[in-house]
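Let chain A serve as the given structure and place chain B on it in line with the hints.
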Amino acid sequence: MKARDNGLTLTCLLTLALACSLSGPASAHIVAGEAGGFLSGFKHPISGLDHILAMVSVGLWGAQLGAPAIWLLPVTFPIVMAFGGFLGLIGVPFPGVEVGIAMSALLLGAAILSQWRPPLFAAAALVGVFALFHGHAHGAELPPGESGLLYSVGFVIATGLLHLVGITIGTVHKWAWGRRLLQAAGACVAMGGVYFLWQAVVA
Amino acid sequence: MKASPRARPGVAASLGAITLALSAGSAHAHMITTGLGPIYDGVAHFALTPEDLIPVVGLAVLAGLRGAKYGRWALFILPAFWFVGGAAGMVIARPANNFVAPLSLLLVGGLVAADAPLSLWATAAVAALLAATHGYADGSSLPSGGSGLLMVLGMSGAVFVTFALVVATLLPLRSQLARIAMRVSGSWIAASGLLLLGWSLRGGIRIAAQ
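Keeping their order, the protein sequence lines are chains A and B.
Numbering follows the working numbering, with no gaps: position 136 of the first sequence is 495.
Numbering follows the working numbering, with no gaps: position 196 of the second sequence is 356.
Honestly, the hints are just simulated from the structure, not real lab data.
Each residue gets a CB set at the ideal place from its N, CA and C atoms; glycine is no exception.
One should not assume that every hint holds.
[Stated by the list, open to error] Examples of chain B residues lying across from chain A (beta carbon under 7 Å, computed):
#1 S307
#2 A350
#3 S352
#4 L355
#5 R362
[Claimed, not checked] Sample of chain A residues lacking proximity to chain B, with all beta carbon distances greater than 12 Å (derived):
#6 K402
#7 G407
#8 E457
#9 A484
#10 A546
#11 V560
So that you can see chain B by itself, here it is in the shape it has in the complex:
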């Protein structure tokens, strides 16, 4: 059988997004000016901030392991809570804790590596928690007012598209080897989060998103 044609654009776009993040010369978080307006600034911020991008990809892998129903719920919960968290961060304007990125990586990666049999509600709660905290961290360092809100909107849109592309790529892969590869990727995400947590505790951390 042919590989799903729907998967190919998804694969290409997912690889593009990840490559973009990894090849970033420098991640000037919250200072990205694309020249295309605040919405695209928000999109660029998300694409160039691995601390935001990797947990979203990890959640998409989790949804890929669990099934389409989980993916559909998380697809709308993630951007919605990201936007609400970002708006709250702009209003409260207190910097987020340094541990947001490592702990979310540890949580999402651990769930993927363990292939945790989460209920639909538990998955939705994890997605909401992750989106709200990351959205808050982003929003807390944005200018208040219309441009800041548009940047958060751009980030939320980027979250929606990234999650949709990755989960659409992974859902058709039902072979045992594909599931193992997904779980291994989860273990790598969790391991990266654990190392980042060590750096955070050591006090020398300068996360790109901060």
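One chain only, chain A, in its complex shape:
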């Protein structure tokens, strides 16, 4: 019964995702040069490799940590990230955003590599801090005039789906070879973080 219910839910979600991806941008009250539609918001989080690596890593780490972190982190991250975006939108300065984003990839990758298991609160706090940096960067990057609920929905769904990708990949954790594979993925993410950190500091 549970399997059928879960299958039904999954079908709903996939159909919704497909419908969303096929839908055109809602051009309600949009002025020239403004990107206010669902697709525009959806593309924003997947436009930078640093963001993609960090979001997927949150899912990977959650899968590695198991319940309840596997669902608590993806519930926490979007809200805290949106708070960072909120701060960015209203112009609250946030020092060292690029360094923070690079550090998020570096530390999350290192956590996956070392199979670090901190207390749940510490893991949620760490991910929350990283979410603030990512959200602020996204919020501050949006040029004046952009608006719209559909943009926000697209933005948040893309972030959530990146977590889902990480969680899905992370299910290989139950096999020994999968654990090694995850550690290798963590090493790659950490190396990416080093590169982004170098870019942020030097640039």
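Just chain B now, with coordinates in the frame of chain A:
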């Protein structure tokens, strides 16, 4: 066991409503003319206005988490207060605040994400507050008189049907995974509301419903 047959039409209709809203080429809020009369204009307005649709879906998810009794109360409170709020908006005719949509998204999404153990009365109060404010926002930009009132009636009917379909879809889903998916959807709704609030405060907002 077979998945509940009752759930299938609900799933299809819910997906249809959400897809309709997301695929809207442009949401000409309060200017929708279906050619079928003011009641259907009201229905189309609700279906094509995500600022109205998403909070109602969020409330249905909240009722889905809490149980059937909560769903039954909210099912009748929502359309009733939506209609009263809409009628009041038509009479008062002062534009609603821009913060109605983001704050209601933040409230409903936050309650769903936290799986807040609300009492029946608290849930009913949240439903009434949300319906009255959104109804007011809709009604305040409608023409006064019979056609405006019929549009509000159409919106209230659409609210009733949407809420009923979504909550009927979700209530049979009792697995832990389904509850987690509902809470994640709440966190997404709250996050969207928070971002929208940032836009509102920045002053560049042009919400479709306004």
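Evaluation of the provided hints:
Among the interface hints, the one on S307 (chain B) is violated; its C-beta lies about 23 Å from the nearest C-beta in chain A, farther than the 7 Å criterion. Given hint, A350 (chain B) at the interface with chain A, holds; its Cβ is 5 Å from that chain's nearest Cβ, closer than 7 Å. Here the hint on S352 (chain B) is kept, as its CB sits about 4 Å from the closest CB of chain A, short of 7 Å. With 7 Å as the threshold, the beta carbon of L355 (chain B) comes within range of chain A, its nearest partner Cβ sitting at about 4 Å, so the hint holds.
Taking 7 Å as the C-beta contact cut-off toward chain A, the hint placing R362 (chain B) at the interface holds, the least distance being around 5 Å. Every Cβ of chain B is farther than 12 Å from the Cβ of K402 (chain A); the closest lies at roughly 15 Å, confirming the non-interface assignment. Every C-beta of chain B lies more than 12 Å from that of G407 (chain A), the closest at about 18 Å, which supports listing it as non-interface. Distance to chain B confirms E457 (chain A) as a non-interface residue, since its nearest Cβ pair spans about 20 Å, more than 12 Å.
With a cut of 12 Å on Cβ distances, A484 (chain A) stays outside the contact zone with chain B, its closest approach being about 17 Å. At the 12 Å boundary, the C-beta of A546 (chain A) stays outside the reach of chain B, the nearest C-beta of that chain being 29 Å off. Remark: the non-interface label on V560 (chain A) is consistent with the geometry, its nearest Cβ contact in chain B lying 29 Å away (cut-off 12 Å).
In this structure, the one hint that does not hold is number 1.
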